[in-house]
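Colleague: All chains, please: the whole structure from these sequences, using the hints.
Number of protein chains: 4
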Amino acid sequence: MVPRYSRPDMTAIWTPENRFRIWFEIEAHATDALAELGVVPKEAAAALWAWWNTNPAIDVAAIDAIEAVTKHDVIAFLTWVADNVGDQARFMHQGMTSSDVLDTALAVQLAQASDLLIADIDALLVVLERRAREHKMTPTIGRSHGIHAEPVTFGLKMAQAHAEFARNRARLVAAREDVATCAISGAVGTFANIDPVVEAHVAEKLGLTVEPVSTQVIPRDRHAMFFATLGVIASSIERLATEVRHLQRTEVLEAEEFFSPGQKGSSAMPHKRNPVLTENLTGLARMVRGYVTPALENVALWHERDISHSSVERYIGPDATITLDFALQRLTGVMDKLVVYPARMEKNLSKMGGLVHSQRVLLALTQAGVSREDSYRLVQRNAMKVWDSDGALSLMELLKADPEVTAALSVAEIEDKFDLGYHLKHVDTIFARVFGNS
Amino acid sequence: MVPRYSRPDMTAIWTPENRFRIWFEIEAHATDALAELGVVPKEAAAALWAWWNTNPAIDVAAIDAIEAVTKHDVIAFLTWVADNVGDQARFMHQGMTSSDVLDTALAVQLAQASDLLIADIDALLVVLERRAREHKMTPTIGRSHGIHAEPVTFGLKMAQAHAEFARNRARLVAAREDVATCAISGAVGTFANIDPVVEAHVAEKLGLTVEPVSTQVIPRDRHAMFFATLGVIASSIERLATEVRHLQRTEVLEAEEFFSPGQKGSSAMPHKRNPVLTENLTGLARMVRGYVTPALENVALWHERDISHSSVERYIGPDATITLDFALQRLTGVMDKLVVYPARMEKNLSKMGGLVHSQRVLLALTQAGVSREDSYRLVQRNAMKVWDSDGALSLMELLKADPEVTAALSVAEIEDKFDLGYHLKHVDTIFARVFGNS
Amino acid sequence: MVPRYSRPDMTAIWTPENRFRIWFEIEAHATDALAELGVVPKEAAAALWAWWNTNPAIDVAAIDAIEAVTKHDVIAFLTWVADNVGDQARFMHQGMTSSDVLDTALAVQLAQASDLLIADIDALLVVLERRAREHKMTPTIGRSHGIHAEPVTFGLKMAQAHAEFARNRARLVAAREDVATCAISGAVGTFANIDPVVEAHVAEKLGLTVEPVSTQVIPRDRHAMFFATLGVIASSIERLATEVRHLQRTEVLEAEEFFSPGQKGSSAMPHKRNPVLTENLTGLARMVRGYVTPALENVALWHERDISHSSVERYIGPDATITLDFALQRLTGVMDKLVVYPARMEKNLSKMGGLVHSQRVLLALTQAGVSREDSYRLVQRNAMKVWDSDGALSLMELLKADPEVTAALSVAEIEDKFDLGYHLKHVDTIFARVFGNS
Amino acid sequence: MVPRYSRPDMTAIWTPENRFRIWFEIEAHATDALAELGVVPKEAAAALWAWWNTNPAIDVAAIDAIEAVTKHDVIAFLTWVADNVGDQARFMHQGMTSSDVLDTALAVQLAQASDLLIADIDALLVVLERRAREHKMTPTIGRSHGIHAEPVTFGLKMAQAHAEFARNRARLVAAREDVATCAISGAVGTFANIDPVVEAHVAEKLGLTVEPVSTQVIPRDRHAMFFATLGVIASSIERLATEVRHLQRTEVLEAEEFFSPGQKGSSAMPHKRNPVLTENLTGLARMVRGYVTPALENVALWHERDISHSSVERYIGPDATITLDFALQRLTGVMDKLVVYPARMEKNLSKMGGLVHSQRVLLALTQAGVSREDSYRLVQRNAMKVWDSDGALSLMELLKADPEVTAALSVAEIEDKFDLGYHLKHVDTIFARVFGNS
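Quick note, the sequences are listed as chains X, D, F and P, same order. 1 is the number of the first residue of the first sequence in full-length UniProt numbering; add one for each residue after it. 1 is the number of the first residue of the second sequence in full-length UniProt numbering; add one for each residue after it. 1 is the number of the first residue of the third sequence in full-length UniProt numbering; add one for each residue after it. 1 is the number of the first residue of the fourth sequence in full-length UniProt numbering; add one for each residue after it.
One or more hints might be untrue.
The list makes no distinction among identical chains, and a pair is therefore deemed to hold if it is satisfied within one copy or across any two copies.
Derived pair list, reagent style DSBU-like, types lysine-lysine, alpha-carbon separation capped at 35 Å [what the hints assert, rightly or not]:
id, residue 1, residue 2
1, Lys136, Lys337
2, Lys337, Lys205
3, Lys347, Lys71
4, Lys400, Lys351
5, Lys205, Lys42
6, Lys385, Lys136
7, Lys385, Lys425
8, Lys42, Lys351
9, Lys42, Lys400
10, Lys71, Lys136
To be clear, the hints were calculated from the coordinates, so they are not data collected in a lab.
Modeller: Given below as structure tokens:
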């Protein structure tokens, strides 16, 4: 966890305090169910909640001190609770194993983290839709291979990003569901010492589903899927960040990250305005992706469990969710305030001497009866001249002067092919697909 | 692709022949729709299908030869079709761009591959359920950290694997849906030169959904999610393979891969019977996982597309699906024929001098009024003696001889705690969760 | 292995024929040493070499057929050799284990592959030095964050790449040394049944060093280091490829991949000339990087060995070396024929209205006694005007009109700061560092 | 960074205080050189050192507060220094760019971290050599595929680990050298505003080598190689940790992590003693490996630099070195205190009814003139009986009762083949290779 790439809401989920609070709730709800079953006295459960209702501070240092002796975190926690609650606390954790607490608590934390991340994506989607509608008909050049291809609109770029993050939202909802399970099944998952009713009760209270079959632990394919999904989302962030970085290049400059007064782009070069936020997002995406493989390696635990996954999760639980949360919020900020330059887009669009209309001419020639191969050759030979002139020559003029072309197409027909509006006629269709018909 | 880790059904999907067949179908269906729109003559579409209905062989060498000149695969293919179909072929590909063909074809291939993989998982699930029911009540020691914990049954191990692969099946179905989209939207996704109706027609004919907004390409977050899902499945394979490897260890030997007559375990040591299939699966899992990161790196293409994803997909499209298909089938074979040794399981289970029952004694002591801390201390001090004796001492006998224990529990109560059946009473519950109540 | 990304020289190393040839040489050299020790008859060794000197074809199909029965590749090979050599062959492989053959052969293959890769880098270094010297003094804008910074030369870019690949060469030499070891130490590495003299003899004959302590296998940290090194080299390829892709962008167009006559950039857009080779290299780099993690996961084999590494190496042995070899050669071709546009570089360099000289003015102001903070403010306020004008305004003219600036610097002093030569005065120094003083 | 997996020595390297101290030293040494060149007044350098010699506390909060406004870390730092040093500080950083400071400082930090890691490995090597010599002749079964193979000694296992970590030490020394370079070359690496003499001076003072050609930054292939090397070392840690985990399995129990009094293995099962440290190391290895790919992805920065690498390095710089440092120390502790059970090793060694001697019998039969195939068949048929008896039958006795065997070998010859000492005769040779002849 790097403080500068962390937001308090997400960080709070991963504090010892929050973890211990969840642990307590699991233990107390379990004690309720055990009391209901008659396994432990109802007074035991009552004593736990009575203390809890005093809203006691979680004394992390005290718990850590006990763990330094016992070398076992759950036992340390239980000891600390017993020190506070008194004798009735001895009925707590009856028939349970540490992993019942640890794994169920992790599920709660991951569900909490998911909820923040889903909200992050929702906020991003709102911004993307606004920018999409704002620039729905702002023409700009579409580029394949970094080379001018044909016109699109800036709104379409935003709509594409919206559709991609809408998919990511759906994936995240599925990943949350995958990981939000409760296991209170005892040392090897057999419920030998604890009735399955307890598990069902705790699950319901915490908003989790019941893990159908656990060993000692909740199976780690669930977590692997969760972190893999975060890796996909991070890659989408990288994609949009890379788009902004390209648009802000000096020679392109069709959009710019907002540059606040007082900000300095470079200590040495006062003229610089750099896309540092999106470059930063590119790096953050690498990190979130880097956490996928350790999560995948965590799946193959030995037999009913080993604890190798635990240290990995102490890193990637916080690091992946905190980093992704920060990155999504940063991306939302960048897109929200992105300074868009339609005039520059238009200038770039027209700089290639009309080359972007080459395909329409090609189609017109074939429709006029010229073979596909000949059509391609005719257009390419004129296009290459324009290309080599760095946009000084005009494709339309060259075509009008090419007798093989004019043998098939009239001057008016040629001119008709250089109409920008032609390219934008289905923008409505695409917007309706992405945003609905509202 | 490594031939020895490949099955013909999956390999066939990735042959040039299959790819070119799909390309043709995309082009021909698109021509149908274009003809319906009046953009091209109906004769053009008819000519394509007329040739196709002669079931022509795909001359891969001829297409490759054309590509060697044009350095463009789709143009090479179109030229070859035109050479065969004749003049009417010039209307083909009208308003389309290469990626319309390439990406839609890849979607078809990935859908085909998914169908095989889903069938693979289904076959594995059948075997796992059979082995689970067969050994539903076969007791065996559950192990955490590789150390004996408490009893489970071998059927529970199989049920756990079944539940995990059932989850993987659901994930794969979702991944298939994610990736099975059709884009026929032209050079930058604007439908400038082709009506969206064509896309809808081709999608329907090929069993795909329409890509809501493409650029030049189908967005690669879809493929990233697909390959990430394969990585999760591979990790589950590694988990079950690792279980078998552990069970076959000389000192454990509770199960063994089937060893066929004539097979040699070692060129030097004639006595060896090695778990080579599951070790092999462990390695194959590493490979499928290794393809996840390149797929994630493919997402951030530049602007409306660059072609860096293409070479990656030429590797991982075949390699990931072929390897996973092989691995799933191999795993199914291993589990199907796995030789299970219940007698050895029982022997191992009892070798620890009853230590596996320590928790029940602990619970009984606390329920008899001994504090949790004291109970733990009492059990642990006797358990450690058994441990140090390498199972020669009996926990039950030691407890019966410990006055602090007998002060709380009668001999009969102590003996009652060493009952194996106690641990298996909820196996039915778990089986019902995993397999339903049938 | 993808045929289109493979060269015959490297592919040949990974054929079954080459592997079996190396196996034979290991066995025959070992038999020589065993005969010298008196363990086997000298006639046995002589018989092996006598047959080998007939230059027999390697009948891969026959060996495969035997393996289909024995399910053991080395035994299959030995059986096939025995079928050809006759009775004397029974002394072959005395005291050896399969891994002695397999691992030593892999070491030979990786050394052979390294030699090709080192030669590839050498060829690339020659080209990079030539292009560096050719454009040693060709001015071009240096960019940080994709934004114009200060002038460099195109030769410096090439020199940087040269230095990077020279480092990669040294790393590869070290990786080759790491992996080129010979182990003939028997079933668990104790030389129980074979004298260490045999290992030393085979190592010397094959140009390998002796593995100081093997288990059954050569330890896989060596291979991990090897493949990790390939991953670093691939990343350097990606860096140079990305540079070319950027330079070829329509708006930049300072360099272009060579575009051969007859080549088609796009089936739909005849005007396109795309940097497809360097985009392809970007994808290939992802693949070679993707092989690093499986190689790292191969290190932790169980006890004296398990065979999980083997399947991984069947993929990445060929795939990583073949892909990297192809990529290095492709990169060399791209750099060799790269079309460089100095005029366009100059045009881009001057398009920012002199902003690239902002730092020098900043320094001059501070040296003239203005505080650093004030100097920065003065330059930035003028630079931002130029920036916002899209290069239409001139920084020099604005500075000359700014009274706060002219209070510190004379007009002549200001003009002196806009000298391009100033930036290139240490190019010789850098070239001497990279290429020596020749 | 996870506190529980961190040691203060390494953590100290990554504190803001240490970073700012290095920054200051770079700036002050550079000012010295600039003063020597006459570019800045000697009083400026003197003023910096005069303040520094007062051993001022680094006010991180103050620097952070300035950065919150400037959004530029180096400018914030320089401003803070100027606030403390006064007017003379304005000559600091003359002609330098932020990356000159940042990258050179990172090089110093990575060199410091390397020194700790090298010391860690040295400490581990000492322990491994001690345990190797202690158990040089302690027989134990060697296992391939987890199956008993032939005898080795526990000392050989330690010697193997020693050799592996000695290789890792050499790799780390090389990686340190790769990464410990100094770049003071200005905004785009041309030394336009700063003489190369400054770089040479700072490099010498800080114990770094001069970066031959930088852009704005030190090229990231160096860092990629560094972190890749850490990934290899982590994988070796995983290997040795996995060995211990296997040895501690209940059924094997040939060695155990030291279990301190008061420690609790399980909250539910008082009898447990789990290899939690080595399981933990397995997880930590996954993390360090996970940082390799982001480091590789950092290489391909755009043009003369983008800043995407920076956020990655803020994570992996500390996280990879701190985690690896902790892991190496933990591993050293585990190996130092590892409880080894030679009696159990001997018991396991003999439990297979002599199967471990099967190869020697095989060799003896072939040397007695039986064909290799027949020899294999004879040994295998008896070995399989022993295997199926779970060690109840004795291979030696079965062979003595097999007429086909006794036709070739006398009873005395058979018995001679079951000698443990036979397997250990070359232990000295191997130890001499690993530890020298001392």
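Colleague: Can you give the numbers of the hints that this structure goes against, from lowest to highest?
Modeller: 2 and 8
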